[in-house]
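Student: So the chains spell out like this:
2 protein chains.
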Amino acid sequence: MIYPPALEALMAALRCLPGVGQKTAQRMAFQLLQRERDGARQLARSLDQALDELGHCRDCRMFSQGDLCPICASDKRDDALLCVVESPADVAALESHTDYRGRYFVLLGRLSPLDGIGPEELGLARLAERMADAAVQEVIVATNPTVEGEATAHYIAELARAAGIAVTRIAHGVPVGGELEYVDGGTLAHALSGRRQVE
Amino acid sequence: MIYPPALEALMAALRCLPGVGQKTAQRMAFQLLQRERDGARQLARSLDQALDELGHCRDCRMFSQGDLCPICASDKRDDALLCVVESPADVAALESHTDYRGRYFVLLGRLSPLDGIGPEELGLARLAERMADAAVQEVIVATNPTVEGEATAHYIAELARAAGIAVTRIAHGVPVGGELEYVDGGTLAHALSGRRQVE
Numbered sequence: 001m002i003y004p005p006a007l008e009a010l011m012a013a014l015r016c017l018p019g020v021g022q023k024t025a026q027r028m029a030f031q032l033l034q035r036e037r038d039g040a041r042q043l044a045r046s047l048d049q050a051l052d053e054l055g056h057c058r059d060c061r062m063f064s065q066g067d068l069c070p071i072c073a074s075d076k077r078d079d080a081l082l083c084v085v086e087s088p089a090d091v092a093a094l095e096s097h098t099d100y101r102g103r104y105f106v107l108l109g110r111l112s113p114l115d116g117i118g119p120e121e122l123g124l125a126r127l128a129e130r131m132a133d134a135a136v137q138e139v140i141v142a143t144n145p146t147v148e149g150e151a152t153a154h155y156i157a158e159l160a161r162a163a164g165i166a167v168t169r170i171a172h173g174v175p176v177g178g179e180l181e182y183v184d185g186g187t188l189a190h191a192l193s194g195r196r197q198v199e
Numbered sequence: 001m002i003y004p005p006a007l008e009a010l011m012a013a014l015r016c017l018p019g020v021g022q023k024t025a026q027r028m029a030f031q032l033l034q035r036e037r038d039g040a041r042q043l044a045r046s047l048d049q050a051l052d053e054l055g056h057c058r059d060c061r062m063f064s065q066g067d068l069c070p071i072c073a074s075d076k077r078d079d080a081l082l083c084v085v086e087s088p089a090d091v092a093a094l095e096s097h098t099d100y101r102g103r104y105f106v107l108l109g110r111l112s113p114l115d116g117i118g119p120e121e122l123g124l125a126r127l128a129e130r131m132a133d134a135a136v137q138e139v140i141v142a143t144n145p146t147v148e149g150e151a152t153a154h155y156i157a158e159l160a161r162a163a164g165i166a167v168t169r170i171a172h173g174v175p176v177g178g179e180l181e182y183v184d185g186g187t188l189a190h191a192l193s194g195r196r197q198v199e
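If you read the sequences in order, they're chains V and R. The numbering of the first sequence is full-length UniProt numbering, which starts it at 1 and goes up by one. The numbering of the second sequence is full-length UniProt numbering, which starts it at 1 and goes up by one.
In isolation and in its complexed conformation, chain V is listed as follows (with noise of 0.2 Å):
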């Protein structure tokens, strides 16, 4: 061991960071070190403050610092409206680049039996509970179009309809200023099959 014990512990601890090897942690704790001393500890602080403060929200399980986050804590947005999303990202995209003003619903994973990952781990009892709000009237399943995502959102669409709400699932097709030509098949099969009379 050519390092001291504190460095080791260091470059250890960084690794538990998604794509981070034994090279970038040993890179990441140089510069932490050497020239970024301040922002090294303000992480640490700010490490500390998001695993104290930090839990999901009670309607929707997106992060939140209290009880409720502040989109379900908003009395201006849509009750009639529930977006199904998988992660707390998805809403951030929604709410950046789209004008839904419904509610949305958290999933924070996919169904992956051979990961662990069930109907308990979705957290789908509670998004049940939401669909018998009265209010509720349409579900919109925002899943990733990948395998799992829609064996998910398949699983959710036979929750909405035993609570007799209109399902919807958002348009998957031609990426918007894509080229026929460079859009994988699977993508191009799905946009001519979702094809839609001209207006």
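Hints are computed from structural coordinates only; laboratory data are not their basis. A virtual CB, placed ideally from N, CA and C, is assigned to each residue, including glycine.
Covered stretches of chain R (chain V as the covering partner; in silico rule of three or more C-beta atoms under 8 Å from a C-beta of chain V):
1) 28-35
2) 45-56
3) 79-89
DEER-style ranges, computed between Cβ atoms:
4) Leu114(R) x Lys76(V): 50 to 58 Å
5) Asp67(R) x Pro113(V): 53 to 61 Å
6) Val198(V) x Gly19(R): 43 to 51 Å
Use these hints to put chain R onto chain V, whose structure you have.
Tutor: Here is chain R on its own, set in the frame of chain V:
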């Protein structure tokens, strides 16, 4: 702002890591909060411990938890040899892969006037003191073969000559296991001009 303040603060703090932009910081923050809470707590502890306990060795400027690093404190090393490297990682590489048993001096950088890195930042005054030690007979310059590394090597060679000590530079040429065909031109020119008598 979609995310709670503690999460935004964590994502901002993660961006002090080298090569981490907004998307990566978000992915890291989600992973830490959803799946690596113990790792995140450990990372905060390790950062604090490293910042509190790690300094630089008085003699060689290597990261050290004490006043002297284990290599400088050891009486088993050869005082006649002093190897000058740019980074603590270079010491680790030399210790792992060579049988070098002399002393080290770590510059923690290279001469780069445009970045405000001059002889003072590299501790060259301390290096000159080390050279003044009667025991040192050879200074091995192992800076990287970049423009700045070569300038640094030149400066150190001048220092050593002024102190009346032999100076050597580690060999540059075709890497062992490499093929001439794929070696860059600069390295090949170096390898040819630095050719040695076959013994």
